[in-house]
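**Q** Build out the structure end to end from the sequences listed, making use of the hints.
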Amino acid sequence: MKRILLPAGGAILATGLLAAGLASTAQADPTVASDPLAASAAKAAETVEFWTKSNNAALKSATAFSPDALEVSKIKSGGGYSSDTKPGSTAPIGEEKKTTAKVQNVNLPKTIGKVFFEGRDGKLYWCSGTSIQSQYRNLVSTAGHCVYDIAGNDEVVSRWVFVPGYYQGKAPWGLYVGKQAFTHYDFDVYEDFDRDYAFVTVYDGIGGVLNVPSKVTFEEYKAATAKGQKTDIVATEVKEAEYLSAVKDPTKLPYYDMKPGTAKKVTGPDYPGAVVDKVEVKKRAYDAAVAAGKIGKGTGFIYGDPVVEQVDKATFDAYTGPGVKSKDAAGNYLITHYYLQDWFVPGTDTKYYRLDYYVVEHKLKSVGRLGDNVGGQGFAWNQPTGKYVRTFGYPQGAHPDGNKPYTGVTPKWCYGKTGAKASQIAKYKIEEHVALKCAVTGGYAGGPWLYKYSNAKRLGYVNGVTSIIADTDSNNRYDTITSPYFDGETAAIYKAAAAVWSGKLIP
Numbered sequence: 001m002k003r004i005l006l007p008a009g010g011a012i013l014a015t016g017l018l019a020a021g022l023a024s025t026a027q028a029d030p031t032v033a034s035d036p037l038a039a040s041a042a043k044a045a046e047t048v049e050f051w052t053k054s055n056n057a058a059l060k061s062a063t064a065f066s067p068d069a070l071e072v073s074k075i076k077s078g079g080g081y082s083s084d085t086k087p088g089s090t091a092p093i094g095e096e097k098k099t100t101a102k103v104q105n106v107n108l109p110k111t112i113g114k115v116f117f118e119g120r121d122g123k124l125y126w127c128s129g130t131s132i133q134s135q136y137r138n139l140v141s142t143a144g145h146c147v148y149d150i151a152g153n154d155e156v157v158s159r160w161v162f163v164p165g166y167y168q169g170k171a172p173w174g175l176y177v178g179k180q181a182f183t184h185y186d187f188d189v190y191e192d193f194d195r196d197y198a199f200v201t202v203y204d205g206i207g208g209v210l211n212v213p214s215k216v217t218f219e220e221y222k223a224a225t226a227k228g229q230k231t232d233i234v235a236t237e238v239k240e241a242e243y244l245s246a247v248k249d250p251t252k253l254p255y256y257d258m259k260p261g262t263a264k265k266v267t268g269p270d271y272p273g274a275v276v277d278k279v280e281v282k283k284r285a286y287d288a289a290v291a292a293g294k295i296g297k298g299t300g301f302i303y304g305d306p307v308v309e310q311v312d313k314a315t316f317d318a319y320t321g322p323g324v325k326s327k328d329a330a331g332n333y334l335i336t337h338y339y340l341q342d343w344f345v346p347g348t349d350t351k352y353y354r355l356d357y358y359v360v361e362h363k364l365k366s367v368g369r370l371g372d373n374v375g376g377q378g379f380a381w382n383q384p385t386g387k388y389v390r391t392f393g394y395p396q397g398a399h400p401d402g403n404k405p406y407t408g409v410t411p412k413w414c415y416g417k418t419g420a421k422a423s424q425i426a427k428y429k430i431e432e433h434v435a436l437k438c439a440v441t442g443g444y445a446g447g448p449w450l451y452k453y454s455n456a457k458r459l460g461y462v463n464g465v466t467s468i469i470a471d472t473d474s475n476n477r478y479d480t481i482t483s484p485y486f487d488g489e490t491a492a493i494y495k496a497a498a499a500v501w502s503g504k505l506i507p
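In this note's numbering, the protein residues as written are 1 to 507.
These aren't lab readings, by the way, just hints derived from the structure by calculation.
All residues carry an ideal CB built from backbone N, CA and C; glycine is no exception.
Heads up, a few of these hints could be off.
Stated by the list, open to error - Quick list of simulated restraints, FRET-style, between CB atoms: (1) ASP356 <-> LYS404: 46 to 54 Å; (2) GLU220 <-> THR410: 52 to 60 Å; (3) ASN107 <-> ASN55: 24 to 32 Å.
As the list claims (entries may be wrong) - Restricting the straight-line Cα-Cα distance to at most 25 Å, the calculated cross-link-like pairs of lysine-lysine (BS3-like) are: (4) LYS452 <-> LYS110; (5) LYS327 <-> LYS282; (6) LYS404 <-> LYS170; (7) LYS86 <-> LYS327; (8) LYS363 <-> LYS53; (9) LYS252 <-> LYS265; (10) LYS170 <-> LYS504; (11) LYS457 <-> LYS110; (12) LYS264 <-> LYS239.
**A** Shown next as structure tokens:
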């Protein structure tokens, strides 16, 4: 068991220890740090709307959290692990339907999903995580650096949510807003990565969709607008006859509108938006334009040539326009038309509309407790190393050589024996990490290491979380992941979190 020395004058309690709703066991244990994520229902509601508006657009735009600082190339092996208490475990929640499975035909646990959050840089990220057993079936296990900012300002990230079974913008079991985060004091204050784990209580899940428009009367629309509710008006173009008929009834006036047209505006050639067209004039006006050099070849005017039209005698006799009438030597009746150019902004027609009024509502509902919906993995501590574990997560980031074999769309897994000796990475104060051969990339962090995983039940015991991803053979491909060793102090933090109630956002 490693302990970091505290400053002279005694321990400095983490600010989060004073957070409302913290379990009494956490207050009594100096190793437990706790900080609020969405401490109020209003903050949680804002978080839900942020991630789910516009058909879950924010969830779809997030990328794997894979800071270069957490992907290392050198790991040293040390001695054994210092168990501080006897081994222990907590059983999983429920069981999945048993299935017959071949070796390595892995049935993915229903409990795993993505942890989404907004970083201090304003960008949207995800890590991996899992539902875990707790008194109120409301607890998520993940890496500490997927909850606590690692930029040295001792703060939690923003808008933290867990989405089990996440797939391409879908949240099949609902979205769970983080209420309170628990981690080791040494990670919260000193960023000691030997304690890079966190347990987060979540509100009951939220399902459904946002911003559903419901058609209402004009009076209902006015009342909703006055209350500050989201409203909308949809205008549908109709014929003039429908408009004129409707506005005869005063009760229908709010449901119809018109936009008057505009007249044609004569302008010069340099007027913005002006178009050019020909205008027929009398011969003398045409001759004057020719004399002034405004018509003819090389002037750029396209309507400079008179047009001779041959007509019948009746049309010829009836014609009274500006053109010149004449007869040729063969006795044909002719009308010669003369044109000048005109620049103008076209007018617009009057438009008529029917108006429909809507109140935009949040069609969301509570889908219940996390553990009731997807179950929860058990928890184990002070277990022997060198044992088989199965890890899960959502990798997406690239290898150091730029190769990107994973999309982050579906979860991946690794299986094998953990290292018997402790892994050490001085850069992060790491002295007792557990290592496992696993060629994954960023986004896998926070995913569970499941001990005694039952492929039939899809349940096991969380005995670690992915913390560091490393390229140990210097071939520019990640090949190893590490996890903090879960000891008695880890168990104390887990038990403190597992005893805290979070509640519902929607009754």
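**Q** Of all the hints numbered above, which does this structure not satisfy? Sort the numbers upward.
**A** Violated: hints 2, 7 and 9.
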